[in-house]
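> Listed below, chain by chain, are the residues.
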Amino acid sequence: MTNISVRTILLLTASVIVVAILTIELDWMIKLLAILVLLGSMTYVTLALDARQGQVKELSQLRTTCEQLDQQAKRIIRSDLELHRTQEALDRKVASLLALHALSQRFSLGHGPRDPRRGIPSEGEGRVNLHPEDLYGQLTPSLVSSFGFSKGLSGVCQSTGRVSWKTLVGVSEHEAQQIEEYLHTSGLISQALANPMPRAVTPDQTNPSAATLLALFQSRCVVLAGIKPSAGPSGCLLLAREDAGLSSEEGDQDLVGILADQLAIAIESSALYEEAWNARQGLERTVQERTRELEAANAQLTRLNKAKSDFVSAVSHELRTPLSAVKGYASLLSTGQFGSLQPAQKERLSKIEKHADLLTDLINNLLDIARIESGRVTMESRPITVKDLLAHLAELFKPQADAKHLTLSMDADGVDQLLGDPKHLPRVLINLLSNAVKYTPEGGAIRLSMSRHNGQIVTSVKDTGAGIDPSEVPKLFQEFYRAAHPINEQVKGTGLGLTLVKRIIEAHQGTIQLQSEIGKGTTVTFTLPEHPSTTPQKVG
Amino acid sequence: MGSTHVGIANGTVALGWSNHPNALTAGETAGRMASHRMTDHRPRWAVVFASSWFDQPKLLEGLHRALPDVILVGGSSAGEILPDGPTSHSCVVLAVGDDGMEVASGLGVGADRDPRLAGHEAALQALKRFQGKSRSGFLLFGDGLVGGYTETLHGVQEVLGTQSVVAGGLMADDLRFTQTYQYADDQALSRSVVGLLLGSCAIGMGLEHGFEPISRPLRVTAAHANILQQLDGHPAMDVYEEYFGDEVMEHVHEKSFTRQLIAYPLGIQGETTDAFLLRNVREFSADGSVVCTGEIPEGATVRLMIGSKELALEAASRAAQTALRSLASVRFVLLFDSASRRALLGSDAAREIQQIRHIIGLSTPLIGCYTYGEHVLSTMQTGAALVIAVGE
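For the record, the sequence lines run as chains F and A. Under this note's numbering, the first sequence has 223 at position 223, and the numbering climbs by one with no breaks. Just so we're on the same page, this note's numbering is the position in the second sequence counted from 1, plus 540.
Just so you know, the hints here were simulated from the structure itself, not pulled from any lab data. From a predicted model like this one, the values you see are computed outputs, not experimental measurements. Idealized CB from N, CA, C, for every residue including glycine. Careful: at least some of the hints might be erroneous.
[Claimed, not checked] Ranges of calculated distance between the beta carbons of each label pair, as one might list FRET restraints:
1. A:D778 x F:L47: 38 to 46 Å
2. A:D595 x F:A296: 52 to 60 Å
3. F:L62 x A:L851: 21 to 29 Å
4. F:A215 x A:D726: 32 to 40 Å
5. F:P208 x A:E850: 45 to 53 Å
6. F:E175 x A:L851: 39 to 47 Å
7. F:Q68 x A:L851: 21 to 29 Å
8. F:E175 x A:D778: 35 to 43 Å
9. A:L851 x F:L47: 42 to 50 Å
[Said to hold, decoys possible] Derived pair list, reagent style PhoX-like, types lysine-lysine, alpha-carbon separation capped at 25 Å:
10. F:K306 x F:K346
11. F:K462 x F:K387
12. F:K306 x F:K166
13. F:K398 x F:K520
14. F:K74 x A:K849
15. F:K462 x F:K423
16. F:K166 x A:K598
17. F:K354 x F:K398
18. A:K849 x F:K93
Turn these sequences into a full structure, and let the hints steer you where they fit.
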C-alpha cells in the first residue's frame, strides 16, 4: 500500500471520527479535546510515515550502492584475473626465453676439447660435451616447466620408425612405452620427421587420433615437434600440459619450434664435432703408429750405420796395410833402384802412386768418419793460436793459389784463439780451402774470415768459383756425394771431405752451412763456441 | 640463480643447494655442500626442501649418503627458497651441528584416513625420543593435498598440550596437485606428518598474509570439513561463476584454473576480530561444491580475497618483525611461504625474500619453501608468509 492511499484512509477515518464526535452528545470541551487528540495523532502518524519513507529510500540507495560495489568487485576480480593471466603468460615467455638462452649458451660453450667417454654433465657445469644422442637427454623438468608444460618426452628416432626415449619428464616408463607404440603405429613420427614444425594436438572430436594421444598423456594439449639435424640422429620432442584452455598461448608452438631447432643445431654440431674428433683420433693413432715405425727404422738404421762404420773401419785397416806396401814398392821402383825405367814405365808408376795416394786419402777419411761416428774419437778442447794456424794455411795454399792466379786473403778480425782439437780442426780449414782452390777458376778470389758473434767464432771460406745448384746443397754433406760439376769430371775426389768436415764441426758443438749461387761462388760458414762445454764431445 | 649467499653459515648452521637434474646427485651435492661448509662441527640434524619433480627415493638416498646419521625432516615444495631468492627444481638443505639444541623427530602416517591420529603419532614419537627434555617448539610438515589438517593439529595438541608452540607448513608439489612428499630421515612419504621437536632454544614466529576482502560477505550455509558445499543457500561454485565469469568457468575443472585461483583465496571472517583465515580452492566438484585446503566452518561468513604485491610485501616484513620480537639473537630462519604469494608476486618474489633478510640480518642463514598452507598453533592459513626464527 502506498503512502498516498494510507494518507487518504487516515483522512477519511479522521473525518468519520470528527463527524462522529460532533454528532455525539458530549461537552463541547471534551469534543474539542477529542478532535485535538485526533489531529495530533494524525500529525504523528503522518510524520512517522514520512520518516519510514525516508528510511526505505536510504536502504534502497544503500542496497544499490552495495550491488554497485559488488559489480565493481566482480569487474576488479575479472580484470585482475586477466592481468594475472597476462602476467603469468609473460613470465612464462620470459622463463622460456631465458631457458632457451641458457641452453644455447651451454651448447655453444660445449665445443672445447672433450672426452667422448664422458657421461652427462651437471646442469651447473655450464659446459656440454655430449654425444649427439645424449643431447636428447637435455630435456630437464626445469626446461619443461619453463615452457609452461608439465610433461615431456624426447628421444632418438631409429631407422625402423621406432623411438628410443632419452628423457621422461612427468611420464612413467610404462606410459612412455605406450606413447611410443602409438606414435609408431599411427605414423605420427614419420609425419613429424617429414615436417618437423611443431604441431599442437588439442581435443578435437573429428580427430580420434588426437584424442588417443591426449588420453595417453592424460593431458589436454600436446605439442609434437620433429628434430631433424643435417648431421647426427633425428628425433622428436613432445611436450604436454594437463590443461588446454587458460594456459594455451599462440606463441607456445613458436617457442617449442625454437627449442627443437636449437636441439637440432646442437646435435648437428655435436655430430660434426664427434666426426672431427674421431678423425683427429684416427690421425693421432696413425701418427703414433708411423712414429713407432720410424723409431724402429731409425734404430735399425743406427745399428746398420754402426755396422757399416765398423765394417768400413775394419776393411780400411785391412786395405791400408797392403796399400802402404803398394805405395812403398811403387816409390822404390820409381827411384830406379831396381833398374832404369822407360818413360812409359815411369808414367805408369806415377799413376800407381797417384791412385795409391788417392786411395789412402779415401781410406783415411773413411776411417776418420767411422771413428767419429762410432764415438771412438774424442775431440779435445785446447787453445789453437789463430795466427799460427793462418800462417800454416797460407804456407800450404799460397803456392796452389799463385799457380792458378787466385787472390787468397785471410782475416782473423781480432780472433786470436780457437778452442778445439789441434789435430782435427785445421783439417776442416784445409779441406774447405782445398775445395775452394779446386773449384775456383783462374783469376778468382778466395777469402777466409773469422769473427765473433753471440759467443760463437764464425769462420767462413768464400770463393768466386762456379757455384753449386742450390738443390744440391743439402746433399753435399752426404757421404760420397759429389756435385755435378765439370771439374769433378776432371779432378778426382772421394766425396767424403765435406762429410768429415761436418762431423768434426758437430763434434766441436758447432754448426756448418753452405750457401752457393751458380756463377757467383760458394761460401761455407761454420761456427764454433767461444767457450765450449767442458765435457768432451762424442759423435755417434 | 647465482646462489652466492648459499655460503652463509654461522658456525653450527650451514646451507646447501643443488639443481642438478639427477635426483641422486642433487641430494648428495646439496647435502655435501652443507656438510662441508660446517667446518667445526658435524651436521646433527637438517631441514630439506626439494622439488616434487625429483625422483624422491633417489633424492633421499643422495641426501643420506652426504648426511649419514643426521636427523632429517622436510618435504617437497612448490618452489624452494634460498637467501638469494626463490628457485625451482632444486634441493635446499639447512644443516645444524651440535650447538646445544635438543632435537627429536616423529612421524605419523595415514593422514588421509585419520589426520588426528597421524598428528598424535608424530608428536608422541618425537616426545618419546626427546626423553623429557625442555621443549621449545614443534616444527610440523604436513601433506598439502590431504584435508583435515586442523584435526592433525588437534592430534599434536593432544600430546604436547595446547600451549606448545607448533608451527609449520603443508608440503606442496610444484602446483601439480598430484602428490606431495614429507621427508623423515631417509624416507620420502605421502599423506604423512613429520614433526621435529626442538629444545634449549627460543622460537619466534610471524604469520601474515596481506590479502584484502573483495566480494560481499557470504554465509556458509553448508560445509563439511574442507568441502564448502553452499554459500547463501546456493552451490558454492555459483559464487565463483558469478565473480569470475562464464568464460572462466568453462575451465573450472582444469588445474590451471585452480592454480590461478590461489591468487584469490577464500577468507573466513573472524567472529571476534577483523582477521581473515585464508583457504585456497583445491578443486571444484561436479556437484558444485568446492574442495578447500583447510576446514570451512558451517555458519561462518566468508569473502573472496584479493592481494596486491605491495600488501604482500608489507605482510612479509611484518611476519619477520613479529618472529624476531621475542628473540635476543637469531641462529637461523625457516620460511614457509604460500605458493599463492609466489603466484601473486611473480618476478618480484625475490624482493620478498630480500625484505625478510634485511629484517632478520643479511648474514642469518635462511631457507624456505613455497607451501600449500602455513600454520601457527591451531591457526591454519593459506596465502601467508610464516617466518620461524630460531635463536636465543
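> Now, for every hint given, state plainly whether the structure supports it.
Status of the hints after comparison with the structure:
1. Range check, D778 of chain A to L47 of chain F: about 44 Å between beta-carbon atoms, so the 38 to 46 Å window is met.
2. Restraint check, D595 of chain A to A296 of chain F: a C-beta distance of roughly 55 Å satisfies the suggested window 52 to 60 Å.
3. Distance hint for L62 of chain F and L851 of chain A: a CB-CB separation of about 28 Å, consistent with the stated range 21 to 29 Å.
4. Against the hinted window of 32 to 40 Å, the Cβ-Cβ separation of A215 of chain F and D726 of chain A comes to about 37 Å, which satisfies the hint.
5. Between P208 of chain F and E850 of chain A the beta carbons are some 51 Å apart, a value that agrees with the proposed interval 45 to 53 Å.
6. As the Cβ distance of E175 of chain F to L851 of chain A is approximately 43 Å, the hint placing it in 39 to 47 Å holds.
7. Against the hinted window of 21 to 29 Å, the Cβ-Cβ separation of Q68 of chain F and L851 of chain A comes to about 24 Å, which satisfies the hint.
8. Between E175 of chain F and D778 of chain A the beta carbon distance is about 37 Å. The supplied range of 35 to 43 Å therefore holds.
9. With their beta carbons about 48 Å apart, L851 of chain A and L47 of chain F fall inside the hinted range of 42 to 50 Å.
10. With a C-alpha separation of about 42 Å, the suggested pairing of K306 of chain F with K346 of chain F is violated against the 25 Å cut-off.
11. The suggested pairing of K462 of chain F with K387 of chain F holds, with an alpha-carbon distance near 19 Å, which does not exceed 25 Å.
12. Taking the CA atoms of K306 of chain F and K166 of chain F, the gap is near 63 Å; set against the 25 Å cutoff, the hint is violated.
13. Pair hint K398 of chain F plus K520 of chain F holds up; C-alpha atoms about 22 Å apart against a cutoff of 25 Å.
14. In summary, the hint linking K74 of chain F to K849 of chain A is supported, as the alpha carbons are separated by about 20 Å, within the 25 Å threshold.
15. For the given pair, K462 of chain F sits about 23 Å from K423 of chain F by alpha-carbon distance, which is consistent with the 25 Å threshold.
16. A distance of roughly 19 Å separates the Cα atoms of K166 of chain F and K598 of chain A; the hinted pair therefore holds under the 25 Å criterion.
17. Of the supplied pair hints, the one linking K354 of chain F and K398 of chain F holds, its CA atoms being roughly 22 Å apart against a limit of 25 Å.
18. Of the supplied pair hints, the one linking K849 of chain A and K93 of chain F holds, its CA atoms being roughly 21 Å apart against a limit of 25 Å.
In the structure shown, a violation is registered for the earlier hints numbered 10 and 12, in ascending order.
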